[in-house]
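Peer 1: So the chains spell out like this:
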Amino acid sequence: MTETTAQRKETSMLARAFDSDLWHSFKSSPITMLAAFIVLVMTLAALFAPWIAPMNPFDPAQVYLMNANIPPRWLNGGDPQFLLGTDDQGRDLYSAILYGLRVSIFIGLIGVAIACTLGVTLGLVAGYIGGRVDSLIMRIADVQLTFPAILIALLIDGIVRGLLKSAAREDIAFGVLVVSIGLAFWVQYARTVRGSTLVEKGRDYIQAARLVGLPAPLIMIRHVLPNVIGPVLVILTINVGLAIITEATLSFLGVGLPPTQPSLGTLISIGNRYLFSGDWWIVTFPGITLALFVLSINLLGDWLRDALNPKLQ
Amino acid sequence: MLAFILRRLAQSVAVLLSVAIIAFAMFRFVGDPVNQIVSLDTPAEQVEQVRKDLGLDKPVYIQFVRYIGNALKGDFGQSYQFRQPVTKLLAERAPATLELAFMSALFSLLVGIPMGVYTALYRDGFGARLFQAVSLIGVSLPTFLIGILLIYLFSVHLGWLPSFGRGQVVKITENWTTGLLTISGIKALILPAITLGLFQMTLIMRLVRAEMLEVMRTDYIKFARARGLKTRAINFGHALKNTLVPVITIAGLQLGSIIAFAIITETVFQWPGMGVLFLKAVQNVDIPIMAAYLMMIAALFVLINLFVDLLYAAVDPRLRATIRES
Numbered sequence: 001m002t003e004t005t006a007q008r009k010e011t012s013m014l015a016r017a018f019d020s021d022l023w024h025s026f027k028s029s030p031i032t033m034l035a036a037f038i039v040l041v042m043t044l045a046a047l048f049a050p051w052i053a054p055m056n057p058f059d060p061a062q063v064y065l066m067n068a069n070i071p072p073r074w075l076n077g078g079d080p081q082f083l084l085g086t087d088d089q090g091r092d093l094y095s096a097i098l099y100g101l102r103v104s105i106f107i108g109l110i111g112v113a114i115a116c117t118l119g120v121t122l123g124l125v126a127g128y129i130g131g132r133v134d135s136l137i138m139r140i141a142d143v144q145l146t147f148p149a150i151l152i153a154l155l156i157d158g159i160v161r162g163l164l165k166s167a168a169r170e171d172i173a174f175g176v177l178v179v180s181i182g183l184a185f186w187v188q189y190a191r192t193v194r195g196s197t198l199v200e201k202g203r204d205y206i207q208a209a210r211l212v213g214l215p216a217p218l219i220m221i222r223h224v225l226p227n228v229i230g231p232v233l234v235i236l237t238i239n240v241g242l243a244i245i246t247e248a249t250l251s252f253l254g255v256g257l258p259p260t261q262p263s264l265g266t267l268i269s270i271g272n273r274y275l276f277s278g279d280w281w282i283v284t285f286p287g288i289t290l291a292l293f294v295l296s297i298n299l300l301g302d303w304l305r306d307a308l309n310p311k312l313q
Numbered sequence: 314m315l316a317f318i319l320r321r322l323a324q325s326v327a328v329l330l331s332v333a334i335i336a337f338a339m340f341r342f343v344g345d346p347v348n349q350i351v352s353l354d355t356p357a358e359q360v361e362q363v364r365k366d367l368g369l370d371k372p373v374y375i376q377f378v379r380y381i382g383n384a385l386k387g388d389f390g391q392s393y394q395f396r397q398p399v400t401k402l403l404a405e406r407a408p409a410t411l412e413l414a415f416m417s418a419l420f421s422l423l424v425g426i427p428m429g430v431y432t433a434l435y436r437d438g439f440g441a442r443l444f445q446a447v448s449l450i451g452v453s454l455p456t457f458l459i460g461i462l463l464i465y466l467f468s469v470h471l472g473w474l475p476s477f478g479r480g481q482v483v484k485i486t487e488n489w490t491t492g493l494l495t496i497s498g499i500k501a502l503i504l505p506a507i508t509l510g511l512f513q514m515t516l517i518m519r520l521v522r523a524e525m526l527e528v529m530r531t532d533y534i535k536f537a538r539a540r541g542l543k544t545r546a547i548n549f550g551h552a553l554k555n556t557l558v559p560v561i562t563i564a565g566l567q568l569g570s571i572i573a574f575a576i577i578t579e580t581v582f583q584w585p586g587m588g589v590l591f592l593k594a595v596q597n598v599d600i601p602i603m604a605a606y607l608m609m610i611a612a613l614f615v616l617i618n619l620f621v622d623l624l625y626a627a628v629d630p631r632l633r634a635t636i637r638e639s
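Protein chains in written order, with my numbering: chain A, 1 to 313; chain B, 314 to 639.
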């Protein structure tokens with residue numbers, strides 16, 4: 001009995017989702033649908049890379065230096081074994097791209113998750129509590145806004161390098177990267193959430209919750225948060241693209257991930273070294289993958305922003 | 314008005330001070346500055362002497378005051394990598410970066426504004442849609458990828474333009490060299506300037522387009538039309554002129570981030586500027602250079618911000634009124 005009600009509720013929610021304004025606006029924009037399709041396919045391909053990829057580029061036992069710099073299959077000198085050719089260490093480029101995309105998406109998502117959690121929490125606290133806490137948090141945000149995100153990430157990387165021995169550095173390169181991205185992007189969330197929290201704070205339902213005697217953290221999470229989270233979703237989407245670009249840039253500059261666990265940025269940076277010898281494929285295919293993925297995410301973000309903006313409807 | 318200026322000045326000083334605290338903390342606590350100067354077999358008394366010379370035996374707040382004092386005199390200490398004063402190293406490389414930043418800002422304005430006006434006036438035309446699509450791609454492509462693409466096309470494939478360095482430079486003063494006076498210098502500047510300016514260009518294009526669309530709806534434009542003014546005069550004399558204030562603000566604010574973003578472009582094109590110096594400092598944990606660069610960028614942003622705010626207050630009567638009220 002309870003099961004059927006649960007099922008009915010679920011189907012009705014699905015039906016509601018398919019009948020919503022958002023879904024209709026989604027269906028009426030072919031470019032958005034294409035972008036969503038590309039994001040979906042690439043994310044799935046990255047997720048299932050170990051099963052799709054012909055070889056594991058991280059496994060030294062499967063990589064032969066003799067196979068280095070082989071052009072794509074359809075060109076002169078291509079090897080049928082390597083669809084998109086190989087890089088300078090003999091890794092199959094197609095496999096390396098799948099694995100690299102996996103690393104890039106993973107870092108992008110975790111980095112943005114950190115930025116979002118930090119930013120939303122600080123924004124809520126600043127907006128709800130106000131006073132000195134508010135001005136302290138917002139002054140920090142102001143100072144940080146003076147610097148572009150990439151510079152912040154570079155600085156954090158440099159400081160960590162100074163504090164740690166070089167051996168430990170490779171092991172935690174992933175963590176450092178994720179934290180630098182998180183710390184570089186939190187300001188936007190904090191400002192947005194603080195702004196909407198200030199508006200919500202004066203509403204009757206919050207006053208009522210206070211009168212009932214609910215503790216402040218509970219009011220913030222249960223009552224304020226759901227009402228201020230909307231604009232955050234849009235920033236979130238666009239920021240995933242930005243975070244992936246930042247990761248790629250840091251890896252390209254040689255302060256991101258070590259070449260043994262290449263992301264798309266590392267692959268591009270390797271390929272850049274072979275551009276002049278005519279081995280164009282090493283830089284081209286990872287570059288196209290990166291650009292296509294970020295472009296699709298940005299298209300989705302743009303659409304979401306317009307679709308959620310009541311002024312444009 | 315005077316109160317407003319004073320308040321803004323105080324804010325700027327506060328921002329600079331907090332950045333200075335960060336820079337000092339980096340200098341003092343990330344690695345031991347003494348270890349970077351002495352070698353392994355330096356006798357202990359000499360190590361102590363160096364520590365005293367650097368003032369590291371004093372309380373931290375005195376060290377901080379001393380650090381600020383030195384910074385104000387333009388002394389940021391010695392680079393660990395080069396064993397030379399940081400200020401000298403930065404000054405040597407500043408002309409290259411400034412030249413690059415200035416040219417790319419110029420490029421983004423000269424191309425971005427006309428493109429924005431065009432896309433706003435012919436909103437549904439083919440050209441406008443094309444520009445819009447190109448601008449979205451420009452935002453999505455990472456700077457370094459754009460640089461690599463341009464190098465591949467114009468240097469490797471076509472062989473028209475050089476892919477690295479500044480070309481032949483001319484010395485103007487002791488510290489100032491320029492590539493703008495030789496043909497090879499100008500040729501070397503083209504690709505990096507476009508790479509660096511492309512993102513700002515799309516930003517300016519989108520901004521001009523949005524502002525133009527807004528202004529075109531206002532009553533005074535309708536009135537100008539009703540008076541029978543020529544379309545050209547309306548578009549450029551009335552509409553564009555009123556969009557330029559926010560555009561110039563954003564362009565000014567972006568100048569700072571252009572200099573910061575030059576790190577990437579300089580790396581791609583092996584441009585001998587401050588960005589490459591900073592990146593090398595990050596890779597080799599050369600804290601004095603990192604700290605000095607941080608302070609420099611902060612000072613630049615704060616100065617530009619302050620200038621823009623004061624300019625706004627001077628230009629916009631509405632803002633002046635609110636300042637007077639508060």
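Quick caveat, the hints were computed from the structure, so don't treat them as lab data.
It cannot be assumed that every hint is accurate.
Stated by the list, open to error - So the derived label-pair ranges between C-beta atoms look like this: (1) B:N597 <-> A:P259: 11 to 21 Å; (2) B:Q324 <-> A:P259: 36 to 46 Å; (3) A:I221 <-> B:G368: 18 to 28 Å; (4) B:G438 <-> A:L164: 51 to 61 Å; (5) A:I172 <-> B:P427: 26 to 36 Å; (6) A:F37 <-> B:I318: 50 to 60 Å; (7) B:G368 <-> A:L40: 14 to 24 Å.
Unchecked claim - Reference excerpt, derived from the structure (chain B facing chain A, CB under 8 Å, subset only): (8) V326; (9) V328; (10) V447; (11) I461; (12) L616.
None of the values given here were measured: they were computed from a predicted structure.
For every residue, glycine included, the Cβ atom is placed at its ideal position computed from N, Cα and C.
Peer 1: A separate judgement is required for each hint: does it hold in the structure or not?
Peer 2: Each hint tested on the structure:
Taking 11 to 21 Å as the suggested C-beta distance range, the pair N597 (chain B) and P259 (chain A) conforms, at roughly 18 Å. One distance hint, 36 to 46 Å for the beta-carbon pair Q324 (chain B) and P259 (chain A), holds here, with the actual separation near 45 Å. A hinted range of 18 to 28 Å for the beta carbons of I221 (chain A) and G368 (chain B) is inconsistent with their spacing of about 49 Å. Between G438 (chain B) and L164 (chain A) the Cβ separation comes to about 56 Å, which falls inside the hinted range of 51 to 61 Å.
I172 (chain A) and P427 (chain B) have their C-beta atoms about 49 Å apart, which leaves the hinted 26 to 36 Å range violated. As the Cβ distance of F37 (chain A) to I318 (chain B) is approximately 55 Å, the hint placing it in 50 to 60 Å holds. Range check, G368 (chain B) to L40 (chain A): about 60 Å between beta-carbon atoms, so the 14 to 24 Å window is missed. Here the hint on V326 (chain B) is broken, as its CB sits about 12 Å from the closest CB of chain A, past 8 Å.
Taken as an interface hint, V328 (chain B) checks out: its beta carbon lies about 5 Å from the nearest beta carbon of chain A, inside 8 Å. Interface restraint check: V447 (chain B) against chain A, minimum CB-CB distance 12 Å, threshold 8 Å, status violated. Using the Cβ-Cβ criterion of 8 Å, the hint placing I461 (chain B) at the interface with chain A is satisfied: the shortest such distance is roughly 6 Å. Evaluation of the L616 (chain B) hint against chain A yields a violated restraint, the C-beta minimum of about 11 Å exceeding 8 Å.
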